[in-house]
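K.L.:
Quick mapping for you: the protein sequence lines, in order, are chains A, B, C and D.
Start counting the first sequence at 1; every next residue gets the next number (the working numbering).
Start counting the second sequence at 1; every next residue gets the next number (the working numbering).
Start counting the third sequence at 1; every next residue gets the next number (the working numbering).
Start counting the fourth sequence at 1; every next residue gets the next number (the working numbering).
Bear in mind the hints are in silico, worked out from the structure with no lab data behind them.
Don't take each hint at face value.
No distinction is drawn between identical chains; accordingly, a pair holds when it is met within one copy or between any pair of copies.
[Unchecked claim] Calculated pairs, SDA-like style, for lysine to any residue (alpha carbon to alpha carbon, straight line, at most 25 Å):
no. : residue 1 : residue 2
1   : Lys27     : Val200
2   : Lys202    : Arg148
3   : Lys259    : Gln325
4   : Lys118    : Val200
5   : Lys63     : Thr336
6   : Lys63     : Pro10
7   : Lys138    : Glu50
8   : Lys63     : Gln199
Since the model is a prediction, treat every value here as computed from it, not as a measurement.
Number of protein chains: 4
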Amino acid sequence: MIIVLKPEAPAETAQELLDRISSKGLKPLHMPGSERVVLGALGDERVLAELNLISHPMVESVKAILAPYKLVSRELHPHDSVVRIGELAIGGRALAVIAGPCAVETHEQTLNTARAVKAAGAGGFRAGAYKPRTSPYKFSGHGPEGLRILREVGDETGLPVVTEVMDTADLDAIVELADALQIGARNMQNFSLLRAVGQVRKPVLLKRGMSATIEELLLAAEYLLSAGNDQVVLCERGIRTFERATRNTLDLNAVPYIKQRSHLPVVVDPSHGTGVRDLVAPMALAAVACGADGILVEVHENPVMALSDGEQSLYPEGFEALMAQLRPVAAAVGRTLG
Amino acid sequence: MIIVLKPEAPAETAQELLDRISSKGLKPLHMPGSERVVLGALGDERVLAELNLISHPMVESVKAILAPYKLVSRELHPHDSVVRIGELAIGGRALAVIAGPCAVETHEQTLNTARAVKAAGAGGFRAGAYKPRTSPYKFSGHGPEGLRILREVGDETGLPVVTEVMDTADLDAIVELADALQIGARNMQNFSLLRAVGQVRKPVLLKRGMSATIEELLLAAEYLLSAGNDQVVLCERGIRTFERATRNTLDLNAVPYIKQRSHLPVVVDPSHGTGVRDLVAPMALAAVACGADGILVEVHENPVMALSDGEQSLYPEGFEALMAQLRPVAAAVGRTLG
Amino acid sequence: MIIVLKPEAPAETAQELLDRISSKGLKPLHMPGSERVVLGALGDERVLAELNLISHPMVESVKAILAPYKLVSRELHPHDSVVRIGELAIGGRALAVIAGPCAVETHEQTLNTARAVKAAGAGGFRAGAYKPRTSPYKFSGHGPEGLRILREVGDETGLPVVTEVMDTADLDAIVELADALQIGARNMQNFSLLRAVGQVRKPVLLKRGMSATIEELLLAAEYLLSAGNDQVVLCERGIRTFERATRNTLDLNAVPYIKQRSHLPVVVDPSHGTGVRDLVAPMALAAVACGADGILVEVHENPVMALSDGEQSLYPEGFEALMAQLRPVAAAVGRTLG
Amino acid sequence: MIIVLKPEAPAETAQELLDRISSKGLKPLHMPGSERVVLGALGDERVLAELNLISHPMVESVKAILAPYKLVSRELHPHDSVVRIGELAIGGRALAVIAGPCAVETHEQTLNTARAVKAAGAGGFRAGAYKPRTSPYKFSGHGPEGLRILREVGDETGLPVVTEVMDTADLDAIVELADALQIGARNMQNFSLLRAVGQVRKPVLLKRGMSATIEELLLAAEYLLSAGNDQVVLCERGIRTFERATRNTLDLNAVPYIKQRSHLPVVVDPSHGTGVRDLVAPMALAAVACGADGILVEVHENPVMALSDGEQSLYPEGFEALMAQLRPVAAAVGRTLG
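Pulled out of the complex, with its shape left as it was, chain A reads as follows:
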């Protein structure tokens, strides 16, 4: 850690801070320059965080040298992790494609969509029983009844099912019925939920918050791993920017950036990442080209009748066409597609 003092800081401040650094068992460094005095502290920066040196009125800035995450880091764990959701492996050579409607609406709609995406080659099924909605007046999912339908459809089709958990109070019910849990963008920094999900033994799909930095996403995953759950898949789903043509700005830079720094698998959600049906397929191809381990796609048997997110849902034939386009791109980057 590097500590820059204000120009007016007296010599005693430097000594006081060097003593505090030593008291924590770290190696202090004193670097008096012509315009600023700079201090260094070598060692475990997590210990230094407790010193809270930035709070000192004579400190101008504090700069960390090491990344604040550990367990998710490739430095600690150099090889790619592979997360298994039932038969679906995420993070290996084969791409994972998880598809399905925004929400479980009826048994029929859910089953029809699941059969269609399976026929086109999807390896996992997604649908929400609990849906976050910006307005209290919109459909927010069927809850336990939705979960039950989802489990039945999973059993009927043989596809592993992923569904969102929004509240620690619902966690047990979802763990019992789903094959993997999703933590949605709005809950990426719901730390109570992260701690609770860290204690269960189900794979987790952790979506990036819409204004979360990549570092914050990795720290959210660090909550899960440090609580004991290392079956974590990260998901880039678009961030909020000034651009209004698309619902979100899909930040594909995040894919190779994270793959270089973390061993966790990364998938991309081009449906939320664009919010526009016609952009889903090209951005799915781009995601795979830059190294994503899979994609998460919204498909509805009849988007015009969808109770939510219909504007970004593919028709089954659109999904089938996407799978056909995806195969040669996957092969071009050395991946396979079931």
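For this one, chain A is given, so just place chains B, C and D on it according to the hints.
P.N.:
Just chains B, C and D now, kept in the frame of chain A:
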């Protein structure tokens, strides 16, 4: 609601959509232009949301005419609401000043800080027992023990106490001990929590999410009011932008914008809104000048020893100086300060 | 155009505005709803812009129905435009790869880099003689001497050369010596420059401004086309967001979005779009996968010695490796690579 | 400057870089830690910039210690600068109010508006002869004829006049007729223009770019001062964020932040900073409360007929009301208003 069709849309699409609009009891309008066909639907737009017209492959765009919130709107409720937290009224002529440390650390630190802010003129006390922290390795509050200390300090000083709730599982305990609940920026769209807090009968301080639009903040408040809790105070606390000089960008535009559209009181948190101690006082003055009903300020008896947020916490003497600066500004805009 | 009146607007306001709409030769529409009066105006919205209806104190909002750009639009010009820079065609089936150093430093460095990128398969060469730099203390290009070197290197290698114009005062010199002009991100809304470049007969590479919406990029191109220059290539080069891990956020959503709405070719600059050498190759692959017509890549014979942008410049061997990776991806999406 | 090496960097890299640091006459520092090797370089960081250490493939990150600007800094020049535009002083105890229409439309409209703002207490007049417009189809000012009218109105009213320069080609004409030059947000990083304006001897109002960081604004001012023009006033006018309720997000944090670091005067433009007439007055009050040296406000004798920006222009009576509200706020923060 205005529905713009794609240039290639056939005449049957227009008829199909007009029929669907009529079927919901709304008045349909047909406006064929030279380059686009435009449809209108007059009436309650919440009903139209169910039609999900944007999902139709021949629809280019859908534009709402009415705001999606109702109960928080000044159209429905033209007069200012006043929310009372114990003796403190927020939303009337008198400004509300709520101050205190980021977190309850010890009884002594909490009590000393509470006494200091009361002596300087604060009308409410804030401190966290449950703290959201980006990293799992940082101090996240003392939980129930922190709550207990907070209640004692509230009783000892006579200041009403506000504290954050992060999880529905903790709600009962916090409702029992606190005078008002805070929903933090990271939980502004934790809809399970909003629904649960909407059912209790305690005032709520709802902070704007760091990437939430003003409309989304109002819709989050709408969750609370529609669930039955109308004792809601909105809080602007800075949004996330590209600017790196400050921790957040305090969006004071939001204050007069909301005051013109909603009857709910609005307070401003210049501590999180800037993240820099030296900017807290000037931005508190600005908040009051543009119409805020109060401020929320972090103060710590000794910020250098704070376990969190020390860099943005005022020293007690800094808070006292701020209160002295605030009085003439409050008077200049027709407000009073206790 | 749709005009929503404020709830308190009197009936005379509606009549006044309808008359103004009629006076411009447009068809007025009156739609009185239960909560708001809505007016419509059908016809050429550019004429309506002059009416400036949003300025009226009784108007709540004005919503355009048609895109504000015309000449760049696919509605007017359904087929893809192909722009030729010397032998290099951009916008057809073959991908265009334009590579080179940030700046012309010496004849030797420029020639060596040009030969290396040509050997690896690039079809165009880029290097700056005039460089925009955030600080006045940094190297800002060799100006006319740099232009002269660039022309020589173009002639020696046979590669067409692209270089940035920053000032109308330099335009004649650059038009004389370069094969195509680049308008940089910081000048995308330098309207004097756009008008001047619109008058010359050289192809233009127009980069998206770092906070420009896609619509603003298309309107900047509309300046060029409306002034008479239709040899325009659009370039996505990353936008400014809250994310700090990368220098910019490459917005690949823009590629298919623009391709669907405009006939102009679109290329992507993954060097500026990421600002990180290790991310350039994966993002170049992603760009091609989602439909870009080419890429613009910074390559330097020895980035460690580069006078600018070295951290995002590929080594010649890195560029060669990228070209090898690019070929199968191009083939997978039906494109060829020279 | 602090240089962090990658974990895999060999010992020779450290030595190589230390030698390069020494070769520039700076003091090198070697700090081998347990997880990373950190190097330091003490001395003038502008010299280090040439070394471009971030380009080295074994360097993980480079962190500057000193601000990259010098001449605009309060460290070099501790006292407030006062810039004079005719009789108007900006940066002293008296607040500067510059008001006027977006554009010069006719002599009559310009004169009427100037008389109105002077009567209400404005000390300067603003109006554009050259207007940046997003679309080529919109009114972009009357150019030389507009300049001539502006000069006449300045002479007739005795108010000093400020107008925008968009192109180095127009600079001489504007310098001859205006009392101060404005560099608009879209040209804040038009470095050719900055260098040219740096050479003239007229005061400059430099507006912050809509996606410019505060540091970039200060560096743009550094261009002007380093070229010889130190009569510079900085202007905060709103930045681009995800928020859509307002045209821009006025970043008032920037006001006290800059005042603490720079000796240059800072004014605020609440008209562009909000884009909404009803928000102009409250945000003007907020600007003054947090320390702005003045405000820049759009006023039009009849906004409904304005050729541009009517929706954010005050009516003359609105401006008069604002001035009346501003006086007590100015007094509350120790300022005077003419």
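K.L.:
Is it within, between, both, or neither for Lys63 and Thr336, if the alpha carbons may be no more than 25 Å apart?
P.N.:
Answer is neither: 42 Å inside a copy and 41 Å across each miss the 25 Å cutoff.
K.L.:
With identical chains, the pair Lys202 and Arg148 could be close in the same copy or across copies; at 25 Å between alpha carbons, which is it: within, between, both, or neither?
P.N.:
This pair counts as within: shortest intra-copy Cα distance 18 Å, inter-copy 35 Å.
K.L.:
Between copies, within a copy, both or neither: which fits Lys118 and Val200 at Cα up to 25 Å?
P.N.:
neither (28 Å within a copy, 45 Å between copies)
K.L.:
Treating 25 Å as the Cα threshold, decide for Lys63 and Gln199: within, between, both or neither.
P.N.:
neither (33 Å within a copy, 38 Å between copies)
K.L.:
Go through the copies and call it for Lys259 and Gln325: within, between, both or neither, with a Cα cutoff of 25 Å.
P.N.:
Both. Shortest intra-copy (24 Å) and inter-copy (18 Å) distances satisfy the 25 Å Cα cut-off.
K.L.:
Have a look at Lys63 and Pro10 and pick one of within, between, both or neither, based on CA distance no larger than 25 Å.
P.N.:
both (21 Å within a copy, 24 Å between copies)
K.L.:
Checking Lys27 and Val200: alpha-carbon separation at most 25 Å within a copy, between copies, both or neither?
P.N.:
So Lys27 and Val200 fail the 25 Å test inside a copy (39 Å) and across (52 Å) alike.
K.L.:
For Lys138 vs Glu50, is the C-alpha pair at or below 25 Å within one copy, between two copies, both, or neither?
P.N.:
For Lys138 and Glu50, only the inter-copy Cα distance (8 Å) is at most 25 Å; the intra-copy one is 44 Å.
Checked against the numbered hints given earlier, this structure breaks hints 1, 4, 5 and 8; the rest are met.
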